[in-house]
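Chains A, B, C and D are the protein sequences, given in the same order.
This note's numbering numbers the first residue of the first sequence as 112 and each following residue consecutively.
This note's numbering numbers the first residue of the second sequence as 112 and each following residue consecutively.
This note's numbering numbers the first residue of the third sequence as 441 and each following residue consecutively.
This note's numbering numbers the first residue of the fourth sequence as 441 and each following residue consecutively.
Since the hints were made in silico from the structure, they are not lab data.
Model, not experiment: these values are computed from the prediction.
Backbone N, C-alpha and C define an ideal beta-carbon position, used for all residues, glycine too.
Do not take every clue at face value.
[Stated by the list, open to error] Covered stretches of chain A (chain C as the covering partner; in silico rule of three or more C-beta atoms under 8 angstroms from a C-beta of chain C):
{"hint": "1", "stretch": "168-174"}
{"hint": "2", "stretch": "216-228"}
{"hint": "3", "stretch": "231-242"}
{"hint": "4", "stretch": "414-428"}
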Amino acid sequence: MPQMNMVQAINDGLRFEMKRDERVVVLGEDVGKVGGVFRVTQGLFDEFGDDRVIDTPLSEGGIIGTAIGMALYGLVPVPEIQFADFIFPAYDQIVSELAKFRYRSGGEYPAKLVIRTPVGGGIRGGHYHSQSPESQFIHVAGLKVVCPSNPYDAKGLLLASIRDPDPVMFFEPKRIYRAAKGDVPEGEYTVPIGKAAVVREGQHVTIVVWGAMLYEAIAAADEAKAQGVDCEIIDLRTLWPLDIDTIIESVKKTGRVVVVHEAPKTCGFGSEIVALINEKAFLNLEAPPVRVTGFDTPFPYTLEMEYLPLAHRILPALIETAHY
Amino acid sequence: MPQMNMVQAINDGLRFEMKRDERVVVLGEDVGKVGGVFRVTQGLFDEFGDDRVIDTPLSEGGIIGTAIGMALYGLVPVPEIQFADFIFPAYDQIVSELAKFRYRSGGEYPAKLVIRTPVGGGIRGGHYHSQSPESQFIHVAGLKVVCPSNPYDAKGLLLASIRDPDPVMFFEPKRIYRAAKGDVPEGEYTVPIGKAAVVREGQHVTIVVWGAMLYEAIAAADEAKAQGVDCEIIDLRTLWPLDIDTIIESVKKTGRVVVVHEAPKTCGFGSEIVALINEKAFLNLEAPPVRVTGFDTPFPYTLEMEYLPLAHRILPALIETAHY
Amino acid sequence: MAVQPLHSSAPPVGLASPAHTSDPDVVRVLRDDGSLDPAFDPHLDPETVLAIYKHLVLVRLLDDRLVTLQRQGRIGFHIGSLGEEAAIIGSAAAVRASDWLFPCYREFGAALWRGMSLQAYMNNMFGNSEDPAKGRQMPDHYTCRAAKFGSISSPIGTQITQGVGFAWAAKMRKDDLATLVYFGEGATSSAEFHNGMNFAGVFKTPTVFFCRNNGWAISVPVERQTASSSFAIKGVAYGIPGIRCDGNDLFAVYKCTRDAIAHAAAGGGPTIIEAMTYRLSGHSTSDDPKAYRKEGEVEHWKKRDPIARLRKHLELEGRWDDARQQALEAEVDAKIKDAVAVAEKIQPPSLESMFEDVFAEPPWHLQEQRDQLLKGPRAKGH
Amino acid sequence: MAVQPLHSSAPPVGLASPAHTSDPDVVRVLRDDGSLDPAFDPHLDPETVLAIYKHLVLVRLLDDRLVTLQRQGRIGFHIGSLGEEAAIIGSAAAVRASDWLFPCYREFGAALWRGMSLQAYMNNMFGNSEDPAKGRQMPDHYTCRAAKFGSISSPIGTQITQGVGFAWAAKMRKDDLATLVYFGEGATSSAEFHNGMNFAGVFKTPTVFFCRNNGWAISVPVERQTASSSFAIKGVAYGIPGIRCDGNDLFAVYKCTRDAIAHAAAGGGPTIIEAMTYRLSGHSTSDDPKAYRKEGEVEHWKKRDPIARLRKHLELEGRWDDARQQALEAEVDAKIKDAVAVAEKIQPPSLESMFEDVFAEPPWHLQEQRDQLLKGPRAKGH
Ligand SMILES: Cc1ncc(C[n+]2csc(CCOP(=O)(O)OP(=O)(O)O)c2C)c(N)n1
Ligand SMILES: Cc1ncc(C[n+]2csc(CCOP(=O)(O)OP(=O)(O)O)c2C)c(N)n1
Ligand SMILES: [Mg+2]
Ligand SMILES: [Mg+2]
């Protein structure tokens, strides 16, 4: 099986779907000739032509607004937003239109598309090349939200997202675009939307995590193990709809949970996960669910490694939670 | 003391501040001659002229973007967004610029303004005249968020918001614009930002609520009382920064909490409140914190009274939580 | 010597409504005496003109009836087209069967002309279980795919960009269709107008931008929307040809729209049409225009009523008279009464329906929320 | 007879970069032989011209040095102005002391000209504790209120609307100042351009929109940004006069900017200036332009290097030569070296500083998060 990094896996997935289904079109800033600033769409322009791999004017609102129109027509657009930090000029089209189209039209006008965009910090990107806005989309009814942590899931979830009947936000953790490598099957396979992966079984503490922070959680769990704390690690893969069963099953076993995410703590997705665990496993909780997250500040430049919820910040939370 | 409704109290507050401080300017769609579609700015145009009460072109992005520029200059703009549902074209200016200005400029460019906008359902407004987007702003570091439930707080919080050094989102619960009446002092007084109000003391269950739903909580609490359940009701008034002390103090007493809000449940502000209670009062909890909220759907028209977390939906939650 | 700008900012002449139709740049066909200017006569066949006239009358009476229903509290809201009927129906009548409409919110006359049933529309006004929008949106926020008519939403301008994307997709697939995108002049200030026009220009999409310049955006007059000399001229910024027409002149609207559609269909790309008309009613049933506009202005435009002008043309041709008018109104009244009676009797949407169509299939959380609602008590007062 | 549009969409002539400066509509002063066209000569005093030339050289060498520092991994990023120096500094030099600049991200030459210290700028490049942005933003995202220079952020175009609001506020307060707003031609596609231009036109704000048309938006050429015949002509959509100038001609840029500022100061309202120039470097240190543009294009523009052209003028006047050049470069090199050496030694910002300036005073939650971070372990690898 070929070894790929995330960029190659997503590129392979896009190529496969564009070959399989001519309704799939890619559009965005710099996605064409240069293949995107992260080279995720590299080669697609030459292979499929500028009618299906489209460099657009500099307007996220225009990209998403026209992509919605294409979707209404029956195409399956896969627009790229160059950095998730720049998605907000398109926020109105996404939350007021895309998310509500099927509902408000009584089912007459489903608007199917997949919005790809790199998220997360750790690349010295400062305020505007580092953010993780997932909760700002999960709160909005009508959107599915995905965030893979490895090349296999990236391709498998991309195929599933393109074929899913609903609009999908496809968040790509840019910090591990090239760092995360692994076997990726050629051709056809999907990773189901809505199913988390238990990447490590453990008895003492449940870690809920996704994207680039998975590797920090693993590193912290290794350390914790050395200190006698045995962690179960859940990689959500799909953020919404959440695989609540996998989480609750784990929490019922461990009674202790640590949620990790890069986004600011307040009203981050971690708060929803904690609230749901309260609803569904309150009596199983032996310690307060803990959130290890980015701070409630804009994303800093020089101090980004202090800002991110890296292993060194996750570990103490694991130990404390285990011994609570 | 004069009796006023919410509209009159806010109008009075705006007039008072505009007289006191000539840096205060009002701008927005239809805020001038007609005094706003809810008449909140009525009379200000005649009193202060079209240089300080400005009808703008139809562009929320333009309203907020230019208001930020005015704030950088040293004015204190109080832009109105006609309905909170229409704030999203300005979302980028608010979350990427306004919220980050002081921070990213090392303190050189604080951008002080107060964004007024009506929120909430119950006026037969359907998808786009009913929403409550508070959590989409609370998640963004750098914004203060306020939502008064009565005329006294509305004026007092407005004066405090205009004088506060930070940008404030001032959410006005439109369903009670005219229904909520009360004594409002003439002239000067403020209600501090960051302080909740315990509107009713009780022993059994803590209700955390704000805005129009306060009255539903009170109605439900009255019913509950009749059934022997004694509720403490906290009207947050300021959503962020949250008055955590008042909440925790209450939860330590009751051990039980129900959070009520109109916004969709998932990643709504209720989830953050539940998560914080877990952090700070875990051992005091005798029942799982419950959220009674809008559903995870777009805001419906015909069935809006079934969608809203009204007294009839709050009551069972109170009883169940009390007897958990 | 001072540098001369390559263009100077023309004063906004002809922008304010009352001046509109005296502007020489404005395409007109229907003369005050009811005759047609041969220069731009679209040569509509008499049957079509008559059919359109009857439809205009239907729309006018429907508007009137809906306002009454709202006043009576039997429906929650109405946003009408009083005075703008010729602009709306003249343009809808000029497109081909293959073309799609992307509406703003005043175009129910266009939806009905394109084949949406009066009953379906009335069901939306009552938000009942047979409302195409399933009672989820406000009145006048409906949808009709069968009529190739889009989904109406409140946020201003969003349909513009979508209408461009739709046309762009058709062009990619080499399908012979264009989109007709409706919006008011206030919407030209929205980001959507800029995005839609810019993408349409760059990608030469088969899109006709139909701007209803009715003089007002709620209480904001045109001079507060732009300092440009017209709305049509905004096309210059996007390499898109623009044209202005008398929006109360059915033939001028029809002619300009048909030409623009033909231009798009021939691969010529987009056009922006500014139809100069006037909103004779308040913005909606929630608005009282007396607070911000002068009666004189309204009087001026009442004299240019698009339906009266078309009737005069038909009368001049001896094809219309009071008797026919009375018969038509009686017939239409009955139709409307029936539709109202039926719509009022239809059940509200089911509680379950509130949780459908958020996604193709309701995930666990929506099933939970639905079941919780169903087993709980019902709300009063609705 | 087909309806004639009131304007037709001009083909985008002169939009693509190489053709630019042969366009007759484009204001030029500095001739190829180094002499000045008297028609538009701004009559800059010789001392100022010399000072500007020296500054251009500083900026050029600074750019070069920063690229090297990035390649060496000593700074994280740089986005430069290679080839655009005359457009940036010529415009900054033409505004009055009372005027304010709202920058895009290539205008460090303007900030330095306006009085920002080289050291402060270098501290931002290293994100140290004396960076005006306190190490919170990427390199080239600084701020300098003392120089009446705004706060740089990455989202394209946001400064345009803010610069309009700032000028509008000054007008309300009857203060005699204008704003000069910088942006690239790609930014004209953003909603901010539309909003800023529209509000500026309607409210006649004293704003000069300075569009650096450098041919590219990262890998996207101008023809992909717009179908209009120029960027300056977009002013027509907003009732704003527009003008194009040779952006590599210091005198033309200076002349157009000074006239536009005077026009604004006199109450004439906004102007849009399109400075036709070219980005000789990659978009930033992260970009390799070979992937998308032809070398020939670059060669064409290297021949029009704005600094070489100005030097030729000075030489023609006998005010410059190789000796002076060498002396200047040596002096500038030393200055830059010193600034780098100092910046590299300054401590990174404190952990506490990460929690300051989010609000005027840190609320309880930020105090908690700060204290938690301080008592916890430190991160490695930075
Ligand atoms: C984004 C947004 N902002 C504000 C509103 C409120 N609003 C509804 S209609 C309207 C005026 C629209 O004027 P125009 O575009 O001229 O259309 P008209 O009503 O005149 O047909 C406004 C401001 C809205 N619906 N959407
Ligand atoms: C809203 C937004 N979208 C995308 C980007 C990524 N980006 C940074 S610079 C740039 C191109 C800008 O081109 P132009 O406006 O011509 O300025 P130039 O770089 O040529 O000076 C893009 C797409 C961004 N910074 N902000
Ligand atoms: Mg209008
Ligand atoms: Mg450029």
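These are the hints, each one checked on the structure:
no.: 1; hint: 168-174; result: holds (count 4)
no.: 2; hint: 216-228; result: holds (count 6)
no.: 3; hint: 231-242; result: violated (count 0)
no.: 4; hint: 414-428; result: violated (count 0)
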